[in-house]
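Peer 1: Build out the structure end to end from the sequences listed, making use of the hints.
Residue strings, one per chain:
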Amino acid sequence: MDLDTIISESKKIENSRLREWKDGGGKVVGYICISTPVELLEAAGVLPYRIRALGNADTEMADVRLSRFNCSFCRSCLELGLNGTYDFLDGIIETNGCDHLRGMVENWQHARPSEFFHYLRVPHINDADSKNFFEDELKRYRQAIEEHFDVSLLEEDIWVQARRQERVRDKLRTVYEMRERTGPAFTGAEVLSIFLLATAIPAKDLEEILDSVIEERKDHKISDYRARLLFAGSATDEVEFVKAIESMGGLVVTDALCFGSRAFWPQSAGGESEDPIKSLARTYLDNLLCPRMFDDFKNRRKYVDEAIKRANVDGVVLVHNKFCDVHGVDNVQLRMGLEKQGVPVLQLEKDYGAKADIGRMKTRVQAFLERIGDTK
Amino acid sequence: MSKLMPEGLIDRAAIQLSLFDRLPDPLLSGAGSALNSLHLLPDEVLSATQALWAPRNRETGVKFLKMVARWVVEARKAAKEGKKVILVPFNFPVEVIHAFEGAFPLTSEVLSTLGVVMLRGQGERYWDMAMGLGLPDHLCSSNTIELGSMLGSDDFKPQAIVSSAPGGCDVNAKIHEFVANYYDIPHFFLQKPPEASGRGRELYSVYMRNLISQLEDFIGEKLSEERLRELTENTNRATELYHELWDLHKAAPSPVPNVFSLFIYGARFTMWGRKEATELMEQMVKVAKQRLAEKAYPAEKEVARCLWAYTSYYYDFLGFFNWMEEQGYTHLGDGLDLYFPQVIDTSSMDTMIEGFAESAWNMPMTRQVGAETMSKQWTEDVIYAARELNADCVIYCGHHSCKQTWSVVSILREELMKRAGLPLLILQGDSWIKRMTPMSVIQQEIDEFVKNVVVKKGTKKRRPRKRRKPGTGDEKETG
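Protein chains in written order, with the numbering used here: chain A, 1 to 376; chain B, 1001 to 1479.
Worth flagging that the hints you see were computed from the coordinates, not collected in a lab. Just so you know, not all the hints are guaranteed correct.
[Claimed, not checked] Across the chosen pairs, the derived CB separations fall in these ranges:
| id | chain 1 | residue 1 | chain 2 | residue 2 | range |
| --- | --- | --- | --- | --- | --- |
| 1 | B | G1132 | A | D58 | 51 to 57 Å |
| 2 | B | K1080 | A | N299 | 35 to 41 Å |
| 3 | B | R1199 | A | V151 | 21 to 27 Å |
| 4 | B | A1299 | A | D58 | 46 to 52 Å |
| 5 | A | V151 | B | P1186 | 45 to 51 Å |
| 6 | B | S1037 | A | A367 | 38 to 44 Å |
| 7 | A | K302 | B | L1035 | 52 to 58 Å |
| 8 | A | R169 | B | E1101 | 42 to 48 Å |
| 9 | A | G342 | B | G1132 | 20 to 26 Å |
| 10 | A | N299 | B | Q1214 | 18 to 24 Å |
| 11 | B | Y1384 | A | Q109 | 19 to 25 Å |
The beta carbon of each residue, even a glycine, is placed where N, CA and C say it ideally should be.
Peer 2: What follows is the structure, encoded as C-alpha cells:
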C-alpha cells in the first residue's frame, strides 16, 4: 500500500482492510486509550481498533447526553457510537482515561450497549501496589477476552503478539526517525495518517504496510518549511488540523501525542522467561506518559525534552481541546518549563473538529512562526 | 499599601477571623447584627452575614464562624510554631492530619468559600491571578480561587499538599499537582482505585496506610494511639449527631434550616474529630429539635423539598439558602452532605486506621464518582437520599467545572425519573463565582421549576412522553 492510499484509507472510520477482515468473519474490538494492551486482543485473533472521530464536528445526538462542558473529542466519538457508525465493533474496552472519556463510554453503553464490554482499570499512580493491581487487572482482561471469544490465550501466543507489537513499534520509530531527520521524509499530517491506519487494520497487514511506506520515502527530503515544530497535547486525530499548521510553514517533525509517539515509543519490559502478563503490565504502566497519571510530570517533561533534542525542534505547539483538564493544566506546566529553557512555545485551546477554529488557529501559528523567525 | 494590607486570601480572611475568634459568642452575635443593620460591610459580604445572623440561624451561625475562625487561627499559629500545615482537598478526611500533634490541615475548597463570602470582591481577583498564568478557564473555582491566591500573591503557603482526587476528579487533582510543582511543595496522594468492590477497597486501605507512613516521615512524628483515640471518639460523637440531623431532616416541614447543609460539611471539611466540630453538630441538632417541637418553618408552608444532587451555590448565602426557605423551598442538603459517616472501632490503632480509610472512602465525591462507573454510586446515593428525605425534586447546580458529573447527569436524570418519579432540574453556573450566572437568574429558574413542574406534578397526571431512541428509529420509551 503506498502513502497516498494510506492517507486516503485513514480518512475512513471503516477502512477497506478492516472491511475485508469483517467480511471474512473477523472480530473487531474498539479501545480508546493507549493504556490498553492490544497484544491480548491480537492473541485472541481479534482486531484491536483505536476509536477515533476523525474531526467529526456533528455532535447533535451526543449533546443530549454529554454536556457542552465535556470535551468535544469525546462528544464526537459518542456521536459516532450513537449514530451507528461504530456498529461494526464487536465490543469495547473502556479505560478510565479521564472524566470526559468515562462519561462518553458510560453514555454509549447506556444508550447502545455493546455485545462485549470490558472495563480495564488503570491506576493513576505507578507505585508498587498499583503495579500489582494492574497486573491482576490484565489477568481479568485476559479472562474476559477468553470467555467472550471462547479462546485460550496461551503464554506463547501472547509472546508472539508481544514480539509482533515490538516489531511494529520499531517500524513506527523508524518512521519517526525519518520525519525527525534533517531533511524530513514525512510531513506531520502524513505521519498522523499512517498512525491512524496502523491502529485500525489487521496486524498481519501492518508490518507490510509500514515496510512499504518506509521504503517509499527513504530518500524523500522535505525542504520547503520555515520551522521545525513539536506538537503535543490532547487526543488529536485531526489530520486537517495538522495540515493547517503545516500550511503556515511549520513542519511538525515530531510529537508527544497519544495519537502519535506516546502510543508506541516505550520499549517492552522483560524477556520471555517471565510471565507475559507481568511484562505487559510493567510496559504499559511504566510508559503511560499521559497527564492522567500523577506524580509523573517529570517523566512527561523529560519525554518532551528528549523529543525536542532528537528532532532539533525550533518551537513547540501545545494544544488541548476545550474542557480537557488534564492536558489543559499540564500544557501550562510544560510551557512554563520550556520557556524557562528558551524554547518558544505556542499554547492553543481549541474546539475539536470545529472548522470555525481553523482560521483562528492558523493566525496564531503564523504569528508564532514569525516569533520563531526564519530558522532555516 | 500592599505592605500594610495583606494581599492573599488567607491573610486577608485571617484578619476578620482572628477578631471572630477572640470575641465571646454573645458579643460576636451582637456585633454581627450591628454591622448588618448599619450596613458597614460591603454588599457582597453582607449577604453571607445577613444569612448567618437571621434569627433562626444566628446562634448556630456564630458557632460556625467561631469554628472556622479557630481553624484558620490555629493553622497560622501551627505554622509559626514550626508545625507542618498541610493543604488537603475537601474529599480528604481532615482528622487524619489532626491526628498528628505536629501538623494541621487546611482545606482548599473551604478557604475559597471563605474568600468568596468574607472578602470584598468575593475572591474573584484570585481566580484572575490563576487565569493570568494561562491556566484554563474551565478549572474549578472551588479550589482555584484559593490556589490562585497562593500562585499570585505572597499569601500563606502550606508545607505540603495531599491530593485525594486522582480517580475522582481530574480537575481537582490537576490543579493541586500544578501548585505543588510550581512551588516544589511535597505532594502526597491518596488515589481512588478504579474499582469499588472488595479488591479496590482493600487496595484503598493499603494506600491509606502508605500515606500515613509517608506523613509520619514527613512530619517526623509517629501517630499516637492515645491522641488518635481521643480524636476518633470525637468523630464518633459527630457521626451520631450527623445521623440525628439526617433523621430530623425527614420531618415535614423540615425543622433543619437550609444553611445547615453547609454547616454540616463545613464541620466535616475542617475540624472533624475536634470538639469545635462536635459542638457545632450538637448545636444544630438542638436547634432542629427545638424547631421540630415548635413546628417552626421560615415560610407559611413548605412548598417543595429539594435535594441538591452535587454542590450548592456559595457566593450569596442570603439569596440562595435563605431565599429558598422563605419561598417554602426546603434545601434537604446536597451531594457534599452525602458522606454517611460510620462509628469507628477504637479498640486498637489498627481498627482506627481502618476506620479512617473507611471514612476517606466515603467522603463526598470519592464515594460517588469514579471506580466502576461515573454515575452508578452517585445515582444510588441521590435516589436513596431523595427517598429517605421525601424529596419532591432534585436539582443539579451545574457547576461548570464538574466535568465528571456533567458527563453522566443525563443518566441521573433518566434514573431519577424512572426509579423515583422525581424530576431533575439542571442549572448552569459557577458555584463560587457570581459573574457566571447571577443569583437572580438561579432564583428565577428554581422558582419556575418548582411552580410549574414540581407543584403541578402533585396535582396533574403526567402523560408518558413518546420518543425515539437514538439510532434505532423504531423503539419508543416513556419519558
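Peer 1: Holds or violated: the 18 to 24 Å window for the beta-carbon distance between N299 (chain A) and Q1214 (chain B)?
Peer 2: 20 Å, holds
Peer 1: Does the Cβ distance between Y1384 (chain B) and Q109 (chain A) fall inside 19 to 25 Å?
Peer 2: Roughly 23 Å apart at Cβ, these two residues keep to the hinted range, so it holds.
Peer 1: If I claimed the Cβ atoms of V151 (chain A) and P1186 (chain B) lie 45 to 51 Å apart, would that claim hold in this structure?
Peer 2: 48 Å, holds
Peer 1: Does the Cβ-Cβ separation between K302 (chain A) and L1035 (chain B) fall within 52 to 58 Å?
Peer 2: Holds: the Cβ-Cβ distance is about 55 Å, inside 52 to 58 Å.
Peer 1: Would you say the C-beta atoms of R1199 (chain B) and V151 (chain A) sit inside 21 to 27 Å of each other?
Peer 2: Once the Cβ atoms are compared, 25 Å apart, the range 21 to 27 Å for V151 (chain A) and R1199 (chain B) holds.
Peer 1: Does the Cβ-Cβ separation between A1299 (chain B) and D58 (chain A) fall within 46 to 52 Å?
Peer 2: 47 Å Cβ-Cβ, so the 46 to 52 Å window holds.
Peer 1: Note whether the CB distance of G1132 (chain B) and D58 (chain A) lies within 51 to 57 Å or breaks it.
Peer 2: Given range 51 to 57 Å: violated, Cβ gap about 36 Å.
Peer 1: Is the hinted range of 20 to 26 Å satisfied by the C-beta distance from G342 (chain A) to G1132 (chain B)?
Peer 2: 22 Å, holds
Peer 1: Could you tell me whether the CB distance from S1037 (chain B) to A367 (chain A) stays inside 38 to 44 Å?
Peer 2: 56 Å, violated
Peer 1: Between R169 (chain A) and E1101 (chain B), does the beta-carbon spacing fit 42 to 48 Å?
Peer 2: 52 Å, violated
Peer 1: Is 35 to 41 Å right for how far apart the beta carbons of K1080 (chain B) and N299 (chain A) are?
Peer 2: 37 Å, holds
Checked against the numbered hints above, the structure breaks hints 1, 6, 8 and satisfies the rest.
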